[in-house]
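Novice: In case you want the letters, here they are:
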Amino acid sequence: MKLSVKLFAVARQRVGRDQIDVELPEAATVRELRGAIAEQFPPLADVLAHVRFAVNNDYAAESTALVPGCEVALIPPVSGG
Amino acid sequence: MKLSVKLFAVARQRVGRDQIDVELPEAATVRELRGAIAEQFPPLADVLAHVRFAVNNDYAAESTALVPGCEVALIPPVSGG
Amino acid sequence: MIQLTNHPIDPGAVLDQVASHDAGAVLLFLGTTRELTNGRRTVSLDYECYPAMAEKKLTELEAEARTRWPLTGCHVVHRLGHLELGEASIAIAVSSPHRVAAFAAGQWLIDTIKQVVPIWKQENWADGTSEWVHPGMTKP
Amino acid sequence: MIQLTNHPIDPGAVLDQVASHDAGAVLLFLGTTRELTNGRRTVSLDYECYPAMAEKKLTELEAEARTRWPLTGCHVVHRLGHLELGEASIAIAVSSPHRVAAFAAGQWLIDTIKQVVPIWKQENWADGTSEWVHPGMTKP
Numbered sequence: 024m025k026l027s028v029k030l031f032a033v034a035r036q037r038v039g040r041d042q043i044d045v046e047l048p049e050a051a052t053v054r055e056l057r058g059a060i061a062e063q064f065p066p067l068a069d070v071l072a073h074v075r076f077a078v079n080n081d082y083a084a085e086s087t088a089l090v091p092g093c094e095v096a097l098i099p100p101v102s103g104g
Numbered sequence: 024m025k026l027s028v029k030l031f032a033v034a035r036q037r038v039g040r041d042q043i044d045v046e047l048p049e050a051a052t053v054r055e056l057r058g059a060i061a062e063q064f065p066p067l068a069d070v071l072a073h074v075r076f077a078v079n080n081d082y083a084a085e086s087t088a089l090v091p092g093c094e095v096a097l098i099p100p101v102s103g104g
Numbered sequence: 055m056i057q058l059t060n061h062p063i064d065p066g067a068v069l070d071q072v073a074s075h076d077a078g079a080v081l082l083f084l085g086t087t088r089e090l091t092n093g094r095r096t097v098s099l100d101y102e103c104y105p106a107m108a109e110k111k112l113t114e115l116e117a118e119a120r121t122r123w124p125l126t127g128c129h130v131v132h133r134l135g136h137l138e139l140g141e142a143s144i145a146i147a148v149s150s151p152h153r154v155a156a157f158a159a160g161q162w163l164i165d166t167i168k169q170v171v172p173i174w175k176q177e178n179w180a181d182g183t184s185e186w187v188h189p190g191m192t193k194p
Numbered sequence: 055m056i057q058l059t060n061h062p063i064d065p066g067a068v069l070d071q072v073a074s075h076d077a078g079a080v081l082l083f084l085g086t087t088r089e090l091t092n093g094r095r096t097v098s099l100d101y102e103c104y105p106a107m108a109e110k111k112l113t114e115l116e117a118e119a120r121t122r123w124p125l126t127g128c129h130v131v132h133r134l135g136h137l138e139l140g141e142a143s144i145a146i147a148v149s150s151p152h153r154v155a156a157f158a159a160g161q162w163l164i165d166t167i168k169q170v171v172p173i174w175k176q177e178n179w180a181d182g183t184s185e186w187v188h189p190g191m192t193k194p
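Residue numbers (my numbering), protein chains in the order written: chain A, 24 to 104; chain B, 24 to 104; chain C, 55 to 194; chain D, 55 to 194.
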């Protein structure tokens with residue numbers, strides 16, 4: 024399946040876009056998404072160790088399974104407040 | 024010596040004045056002042072156990088000696104803030 | 055800076071006093087007139103103070119707060135006289151490069167002011183009676 | 055209530071949101087744009103967020119604060135976009151019958167918001183460079 028992933032801050036800056044489309048096997052987990060992004064988007068490889076992923080606006084565990092149509096975002100360490 | 028003592032809040036209310044003149048032996052201490060007030064101003068007797076005294080705008084120890092001309096105030100438990 | 059005033063406290067003016075380009079955190083505490091105390095209704099409060107000593111103690115506490123924490127601003131205003139429900143009796147504003155110091159200083163200031171500054175409040179109850187508040191003192 | 059805004063934060067309006075006759079204590083925290091960070095000079099900041107998730111997380115945190123402490127009011131505003139020195143990036147106001155809860159809730163909210171709400175700041179340094187701030191992430 025193809026999954027859109029929203030990008031923010033340094034991740035958006037590295038890729039030059041606020042969203043990427045990632046190729047994934049069906050029912051892939053967040054852990055597999057991490058690997059797929061490292062492979063398909065080399066500029067993001069070194070930030071991936073530090074980021075969390077959000078699925079449908081909640082932080083997701085590495086084991087969370089991704090389904091078509093879910094809203095996925097790559098969340099670098101936050102610095103609001 | 025005769026010493027003026029400023030009164031506030033419930034103490035002022037009890038006596039109906041914002042200042043009292045207390046008769047004291049020379050070089051009396053705060054402890055002796057407490058006793059003299061209890062004797063000379065009966066309406067204040069039952070609040071004295073709960074009050075502090077200030078001498079020249081600082082809280083004074085019971086052993087502090089009072090001298091003529093010093094500014095003395097009876098400080099009931101405070102409730103500002 | 056410290057101030058005793060008979061006029062309503064303007065929180066914006068208090069905040070302006072502690073603004074600084076070196077501040078990353080600003081904390082404002084307001085003590086406000088609450089309607090219910092242990093189920094009894096208050097309609098208003100009156101505050102009085104021992105002016106010379108209250109000013110001295112507030113000034114000392116501001117200086118001590120600035121010694122204990124790296125503050126870029128510290129301003130305390132205490133209201134006196136008659137206060138209606140909801141009005142602020144005290145405003146404490148502190149600013150600091152970092153928030154931990156701002157919170158610690160603000161909390162220490164209000165806690166310590168309530169213990170040592172000679173200011174007293176009288177509760178004017180809804181039943182028409184009035185009463186000076188003296189924590190720890192048993193009623194007559 | 056929570057709010058994300060591109061306009062300057064008005065502290066007085068934030069305080070108005072938490073006013074209550076049941077409040078004895080009001081706490082306002084402002085995060086402000088500091089000039090110096092580890093000796094480097096900032097000229098301005100830019101904030102961006104993940105809007106849907108930032109709103110959801112702020113709403114959840116407000117609800118959790120109201121569960122943990124007996125608050126009579128809770129209002130959080132986060133600024134977005136371009137901020138000049140001294141401007142507030144966040145305002146947190148809480149009110150409570152007693153001050154201990156107000157301080158605890160205010161401190162918990164700012165600590166937790168800084169950990170979980172998807173908002174990011176970019177420092178625009180005096181040397182002309184800009185840099186997204188990602189705590190714990192090593193520089194490229």
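For the record, the hints were derived by calculation from the structure and aren't laboratory data.
Warning: the hint list may mix true and false statements.
To give an idea of the chain D side of the interface with chain A (calculated C-beta under 7 Å), a few residues [as the list claims (entries may be wrong)]:
hint, residue
1, 55
2, 58
3, 97
4, 110
5, 144
6, 162
7, 164
8, 172
9, 173
10, 179
11, 182
12, 189
13, 190
Where a beta carbon is used, it is the ideal one built from N, C-alpha and C, also for glycine.
Novice: Residue 164/D was flagged as interface toward chain A. Is the shortest Cβ-Cβ separation under 7 Å?
Specialist: holds (6 Å)
Novice: Does residue 144/D hold up as a contact with chain A if the rule is Cβ-Cβ below 7 Å?
Specialist: holds (5 Å)
Novice: Would the hint on residue 110/D be counted as holding, given a Cβ-Cβ threshold of 7 Å to chain A?
Specialist: holds (5 Å)
Novice: Under 7 Å is the threshold here; is the Cβ of residue 97/D close enough to any Cβ of chain A for the hint to stand?
Specialist: violated (17 Å)
Novice: For the hint on residue 58/D, just tell me whether its beta-carbon gets within less than 7 Å of chain A.
Specialist: violated (10 Å)
Novice: Does residue 189/D meet its interface restraint, that is, does its C-beta lie within less than 7 Å of any C-beta in chain A?
Specialist: holds (5 Å)
Novice: Given residue 173/D as an interface hint, is the shortest Cβ-Cβ distance to chain A below 7 Å?
Specialist: holds (3 Å)
Novice: Tell me if residue 190/D is really an interface residue toward chain A, meaning its C-beta lies closer than 7 Å to one of theirs.
Specialist: Constraint on residue 190/D satisfied, holds at 5 Å.
Novice: Have a go at the residue 179/D hint: is there a Cβ in chain A nearer than 7 Å to its own Cβ?
Specialist: violated (15 Å)
Novice: Holds or violated: is the Cβ of residue 162/D closer than 7 Å to a Cβ in chain A?
Specialist: Since chain A brings no Cβ nearer than about 12 Å to residue 162/D, farther than 7 Å, the hint is violated.
Novice: For the restraint on residue 182/D, tell me whether the closest CB of chain A is nearer than 7 Å.
Specialist: violated (16 Å)
Novice: With a cut-off of 7 Å, does the beta carbon of residue 172/D approach a beta carbon of chain A closely enough for the hint to hold?
Specialist: holds (5 Å)
Of the numbered hints stated above, those contradicted by the structure are hints 1, 2, 3, 6, 10, 11, listed in ascending order.
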